[in-house]
Amino acid sequence: MNGMKTNQVIEVALKAGEILLTGGAEIYRVEDTVTRICKCYNVEAECFVLPTGIFITVIDNDGNPVSIVRRIRKRTVNLEQVEKINSFSRSLQGSPLSYREAMMKLNNIIGLKGYSYALKFFVAGINPFAYALLYRGTAGEACVSFLIGIVIYAIKEKITRTGVFEFFEYFISGLTAGFLSILTIKLFPFMDLYRIIIASIIILLPGLAITNAMKDALYGDIVSSMFRITEAFFVAAAVGVGVAIALSVGLRWI
Amino acid sequence: MEIVLAFIGSICPGIIYNVEKRNLIWVGFCGMLGWITYRTFNEVTKSLVLASFLGAVVVGIYSESVARLLKAPATIFSVPGIIPLVPGIAAYNTIQHIAENELYEAASKGIETMSGAGAIAFGILLASAVFRLFKKLKKRKPNPN
Chain A
647 MNGMKTNQVI
657 EVALKAGEIL
667 LTGGAEIYRV
677 EDTVTRICKC
687 YNVEAECFVL
697 PTGIFITVID
707 NDGNPVSIVR
717 RIRKRTVNLE
727 QVEKINSFSR
737 SLQGSPLSYR
747 EAMMKLNNII
757 GLKGYSYALK
767 FFVAGINPFA
777 YALLYRGTAG
787 EACVSFLIGI
797 VIYAIKEKIT
807 RTGVFEFFEY
817 FISGLTAGFL
827 SILTIKLFPF
837 MDLYRIIIAS
847 IIILLPGLAI
857 TNAMKDALYG
867 DIVSSMFRIT
877 EAFFVAAAVG
887 VGVAIALSVG
897 LRWI
Chain B
166 MEIVLAFIGS
176 ICPGIIYNVE
186 KRNLIWVGFC
196 GMLGWITYRT
206 FNEVTKSLVL
216 ASFLGAVVVG
226 IYSESVARLL
236 KAPATIFSVP
246 GIIPLVPGIA
256 AYNTIQHIAE
266 NELYEAASKG
276 IETMSGAGAI
286 AFGILLASAV
296 FRLFKKLKKR
306 KPNPN
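Heads up: the protein sequence lines correspond to chains A and B, in order.
Its first residue numbered 647, the first sequence is counted upward by one per residue in the working numbering.
Its first residue numbered 166, the second sequence is counted upward by one per residue in the working numbering.
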């Protein structure tokens, strides 16, 4: 052992696990990483992870059990951090870092901003643009979807940062997409409503939740799997209800 | 043309989900292969569910193998990769029928949507299950005792 105390080991492992879970990793990956990091420092750990929390128990040098529970409230998607932690735990296997170095590395990973907002806004527009064309839409429809995509992304980011009820942002995004699309076809009646709406809401669909639900089920984490499936269902329902309200109001009274 | 669009259509979610720059191109190919499979089988069999399933299997196999090669988690390829396969049109039709109060049509479209989504999910599941099986077999081999 290279001078790292047991509680420091837990701290490092817990932090890594927390980043993984909030970044959208599967449950088995989080559990595996935490036990692996502990093992690198010769600490036997038992780890139990739910989508809403991490539980770690280890036996310290005096034989006393040490246990930490960390509640996870915020779940986003940040695949870059997942990958960085993955290679971090890989690198620990060869040469265990000191506490200070390990914490510094983890804090660096937390600090990663990813792509700039300008680029993301642009991409949030390009994505519906591509899908409108993929569904055999016209160039005009694609351009409209581009604008709607940017508006939706802006609204969604704004709501996420204010931090209200989790599924609310999806509802509002769906509602906005619906109303803007109806507005468009009232202005340009030759355009197709459905392509514009689908293209602009496709980014909101819960791809990560479904993928993770299946992987969790595969590794026997049925609780988390149910959680993810329900999450996917709620998100899809929230978007759907938003669009449905916009459609039924918009098509009848506007 | 569609192939290029599918490529772009999975790189964009990749950027939104913060996939690293050097992996982005592989994410793009993932979506592209999935879409090619989906389109081909959709033309041949006219079945949305079967085509989505096979598309997802391809996405799953591709992302697990690339993940092994690049030493990165498979999720970062499969999550953006399945986005082009999502049954968007069926989902939209369901919502539209509900909004117009045509519940029978809504139910039939809704089942189509659910089966499409389920097919994608089980495609991914199957691919990773097979890879996991291989991994276990490989681990067993070096020490036959």
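Treat each hint with caution, since some may be false.
[Unchecked claim] Covered by chain B, per the in silico footprint, the following chain A stretches (three or more residues, Cβ under 8 Å): (1) 686–695; (2) 714–725; (3) 744–757; (4) 762–774; (5) 859–870.
These are calculated hints, taken from the structure and not from any lab test.
From the three backbone atoms N, C-alpha and C, an ideal C-beta is built for every residue, glycine too.
The hints, checked one at a time:
1. Judged by the Cβ-Cβ criterion of 8 Å, the region 686–695 of chain A is not covered by chain B as claimed, because only 0 of its residues qualify and three are needed.
2. Beta-carbon proximity to chain B at under 8 Å applies to 3 residues in the region 714–725 of chain A; the threshold of 3 is reached and the given coverage holds.
3. Counting residues of the region 744–757 of chain A whose C-beta lies closer than 8 Å to any C-beta of chain B gives 0; at least three are required, and the coverage claim is violated.
4. Closer than 8 Å: that is the beta-carbon criterion, and the region 762–774 of chain A has 6 residues meeting it against chain B, so the requirement of 3 holds.
5. With a threshold of 8 Å between beta carbons, the proposed coverage of the region 859–870 of chain A by chain B holds, since 5 of its residues qualify and at least three are required.
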